[in-house]
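Protein chains in written order, with full-length UniProt numbering: chain V, 1 to 309; chain D, 1 to 389; chain H, 1 to 288.
Hints were generated in silico from the structure; no laboratory data involved.
Note that CB positions come from ideal geometry on N, CA and C, so glycine has one too.
A few chain H residues that face chain V, going by a derived Cβ cut-off under 10 Å, partial list only: (1) V36; (2) N46; (3) G217; (4) L224.
Residues of chain H clear of chain V, computed beta-carbon distances all greater than 12 Å: (5) A176; (6) L199; (7) P202.
Label-pair restraints from in silico Cβ distances: (8) H/L117 x D/E124: 47 to 57 Å; (9) V/L36 x D/G145: 29 to 39 Å; (10) H/L76 x V/S199: 49 to 59 Å; (11) D/R112 x H/K112: 29 to 39 Å; (12) V/Y270 x H/F31: 42 to 52 Å; (13) H/L117 x V/L36: 12 to 22 Å.
Below are the chains, spelled out letter by letter.
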Amino acid sequence: MTTVSPPAPTGTGSPPGPDPGLRHRLAERGIDRQLLLLVPAIVFIVGLFVYPFLYGLGLSFQPREGGGPFADYERFFTDPYQRDTIWKTLVLAVPAALLNVLASVPIAYRMRGRFRGKRLLTILLVVPITLGTVLTAEGLLNYLGPAGWFNRLLQSAGLVDEPIQLIGNYWGVFFSLVITGFPFAFLLILSYLSGIDPSLERAAATLGARWWDRFRHITLPLLAPGLATTFCLTFVLAFSVFPSAILVGNPAGETRVISIAAYQAAYEQYDYPFASTIAMIMAAVELAVIALVLLWRSRLYKGSTGGKG
Amino acid sequence: MTERHGRREFGTLRLAGVGRRFGRHDALADLDLEIHRGEFIALLGPSGCGKSTALNCLAGLLPLTSGSIRLDDERIDVLPPERRGFGMVFQNYALFPHMSVRRNIAFGLRMRRMSKAEVRRRTEEAIRLVRLEEHADKLPGQLSGGQQQRVAIARAVVLEPSLVLMDEPLSNLDAKLRLEMRTEIRRLHQTLGLTTVYVTHDQEEALSLADRLVVLRDGRVQQVGTPEDLHTRPANWHVADFMGYRNLLRLTAGERTGGAIRVEGRGLRLEATPVGDIRSGQPVVAGVRPEDLVITDSADPGGNVVRATVDVVEYQGREHAVEAWTDDGVRLHIRSGRRPASGDEVTLRVDRARLLAFPDDLGSGPAPAEPEPPEGARQVAVAGRGLSA
Amino acid sequence: MTTFGLARSGPPRRRIVGTPAAWLVWGAVIFFLLNVLGVVGSVVVNSFGTHWFGGWLPDGVTGRWYAEAWQDFGLLELIIVTVEVCAAVVALSLVIGVPAAYVLARRDFPGKKLVYLAFLLPILMPPITYGIPLATVLYKFGFAGNLSGVILANLVPAVPFVILTMTPFIEQIDPAIERAARMCGAGLREVFLRILTPLLIPGILAAGILVLVRTVGMFELTFLTAGPDSQTLIVALFYSMSAAGIRAQQSVDAMAVIYTGMMLVLLVIALRFVNPTQLVARVKEEPE
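Make a model of the complete structure from these sequences and hints.
This is how it looks when you write it as structure tokens:
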């Protein structure tokens, strides 16, 4: 192989492509053939997520009944039956997510570090997450129903005379959110806590800090970003509430959450533009809450927590 | 092993104006170098000097931003690494953890679609060469650091590559093993005659292994030469700093007489050998190795002496490393056969030929990162306080 | 009280049991677990009971609800559909997700943050919000209402999940190993097949199993895109529950038990390969 002229890349079968100059400049910016591996995933996410989402967004501005691009948004916000679904969803999701996160903190704080049975405990906690909302709802119908074990227990203990109404209303849905959401939050927070170097707290103890001071000034600030993330993920889970709101709630009344509204618009009235409108509003509300939390989080210490992970 | 030669027999490997830029930062600029067949070249420099960048550019693991690399007449910098036919030994060995020693070494041969018998023959030969016969079926995780390094070397040389690249191969080993492996590498080079480019930050390693050294700093070549050249005639004070001239004194040039030049300032007045073009009145950096500062008892030591007070004495086997201070707060590193006591006043004699005066490049050319010679002056303030206390 | 005070002034390694606060914490956990047991248990007990009106337990034990459920709900077909959907989603999400995870973990390129955000959003958004527009689009192109539509919809959260799960596994492989393979003459494809894939087997296994568990349990997206012949077990369960009164409650419960059993088997398999926390999100936990 002899070269014909110096500037031409000789490469016996070197990949045909841009001249070395351009390739160098691209490579300098981190672009080369390896990035092609990303192409299937990008095609996929654009085709099945970004495009449908934008399509839905576009659809939401083309109301079936005409009346300008914002007619469906106007329709949603002027009709209390629709508008209130936002409030109903938030009233369910925010307290449930808060309870899940806040109850997890002291429990996880106690259980950090190693002890016998920790793995068993985490496995038991994973069970309700794995089973999902539909099965939990089915179980709650039996368990919390008027003749269920829970009411029976309360009555035999003499705590109540009449069975208390725990399903078919707000509480049924709330309990289902706690049953699936609490283990989720707990496991996350436990792993965040395990990532904090325990010698930091020991160091604080040698400096004279009592357990509350240690928690307040050492552990909590290091845990706070993890708390924010956990809250976001738990909130997403709770905000998406759909099957349990139908099955153990009161889908025509106090637990008519926003996903039910979107579903009804799409699959009962076949009004896809309006359904898309509701979906977009749902996304906007959810992302707004998350953005608020993340904004708060961005002001916290974000560096290493001394441990691994 | 030696009867078969690499597929790409070559005379000269030419790097012309090779450069690599990361964003705005030039990691390597204008590297010109000719490597001849069978040579052992060391790229030497502190971390971040661009030596690993140069090696990766040579290997094809990093695309160049400028320049070209030619193997005789063929331009190879446009080829992907797997088509250049080079072998490489990595700093942390980079052995395939899921393959046995034998399969690690055979991997490259199998990639070249060689016949089974040929793969087996050459693999066994390479295993014998690095003396790992009893470990051939182990996984890398079961080997010691030195053994892993030998596997890595065998994996690279089994292909009989036209060029072997070594990226700080000894830096993860302990001191004793490092010496052993150093000899091993030299022995392999002599046996196989493979052209080698070796990257290291350890000047001793580079001096002992290489036929020629390339000293890099801030991505630019400072000096290319034989070990003797670099040891006795560093081209500038940065190279001197790197080659063990621990005493670097920022002084001013005086008059020049024949082959010597007077350097003075900070209470010192010495005769030195100039390196490069130095005019009277110009700031200079005068460098001398600790072993060339000799403690003398002579009542009349003659010229070229410095008086200093001993501060710290460390025992180092046959010698003592002594740190002393002049009255004007200049710190000096000395190596001495006998043990002076802390607080002793000593007279130090320095041979004019061993005291090199370099132009101080402050404000000209590639400006040094630090305004003063790093070792020399930084701790003066601290030490001054220490002495008065 | 004195021992309590002593325990406090000691090193902060508290014992798990002993202090009142610990009892409170354990009490809360046990209360929670008892309720979970009640929820699951009442479904199981009901599915085996003849009649259960008032009383702690049903009047008698029978297996006939299972036979009934098997026939009435066409459980065999539901299970086949579920397996088909899950197998396809797992395989496709791995094929698409693993190479992408590799590039995202290893490389830096312009627009990387944007790409990352695009992969993160499907996990951060309620499935309904993108599920409804997605179902609309799928209907437009004739995918919805059949198996391919269900598979495509389930891939949307699965691929990002594979990417997030794989990233730490990829990061822990020394990039020098890939470079070494290339220096030995291996091309990009060979590096992937012979070096990376064997080293990534644990990660691929973990990601695959996690996607499997999530797909079996994924209700919303399947619900929105499935037709009568492409329902998975969970969606059929929902339909039979919301159409209460048509079937006996016990029969529905029998189906729920079959679903639960399937999930628990998967869970047991999953826990052999992954950490419980990985089922929740991508967080590293201290080694046990």
